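Heads up: the sequence shown begins at 258 in this note's numbering, then just goes up one per residue.
I should point out that these hints are in silico values taken from the structure, not numbers from a laboratory.
In this text the structure is predicted, and so the values were computed from the model without any measurement.
A portion of the hints provided could be inaccurate.
Using 25 Å as the maximum straight-line C-alpha spacing, the simulated SDA-like pairs for lysine to any residue come out as follows [to be verified]: (1) Lys325 - Phe400; (2) Lys290 - Asn315; (3) Lys458 - Glu314; (4) Lys325 - Val362; (5) Lys340 - Arg401; (6) Lys325 - Thr379; (7) Lys340 - Lys290; (8) Lys458 - Arg303.
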Amino acid sequence: AMKVKKSGGAGAGAGAGATAAAAARTEEELGRKALIGPDDVLGLQRVTSDYLCTPEENVYKIDFTRFKIRDMESGTVLFEITKPAASEREHNDKKDIDPNAGRFVRYQFTPAFLRLRQVGATVEFTVGDKPINNFRMIERHYFRDQLLKSFDFEFGFCIPSSKNTCEHIYEFPQLSEDLIREMILHPYETQSDSFYFVDNKLVMHNKADYSYSGGP
């Protein structure tokens, strides 16, 4: 069955107060830590320049195989991507494969996307032979060095060797006209970090950037 979850996140207007509980952190500080937890990434003030964990730290073999974004108001599908499962991909030649392949996505949207209030993101993922407790994602969106919104989603418990589907509801903050104009004029300067935790330990880190100019 598909789970539907709403984000408990802080927006551009409420960001300072809502994230005050997490002490400010720098990427360099976190790079020196053996274990990175949710409060650590909630303290980041800007998008990271590198990944905070390696692909090998995904010991639970969490593999995202499908991702769909839709406007909740109209139901229009705005973006959809499906990739073969890891078992199928393993049959391909592994030589010259970038270890970070699949950890970065570039999105191209139209200016109208910035005026949407609610977007549903459906993810389908498989897990390996270990049970997963307290699977959580924190996703932080920035324009340049300004935090636009921090989203916080709980996936909950996943049984071993299972395929799971979950829709997260993103409640977007109201952006000023000036900020919208800047974000349209400067494609790919809007960026995000997606941090995935199991039992409060960082196990995956994906990145994305965004264009709202309607073109490549």
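Structure-based check of all given hints:
no. : hint            : verdict
1   : Lys325 - Phe400 : holds (23 Å)
2   : Lys290 - Asn315 : holds (17 Å)
3   : Lys458 - Glu314 : holds (10 Å)
4   : Lys325 - Val362 : holds (13 Å)
5   : Lys340 - Arg401 : violated (30 Å)
6   : Lys325 - Thr379 : holds (5 Å)
7   : Lys340 - Lys290 : violated (33 Å)
8   : Lys458 - Arg303 : holds (21 Å)
Checked against the numbered hints above, the structure breaks hints 5, 7 and satisfies the rest.
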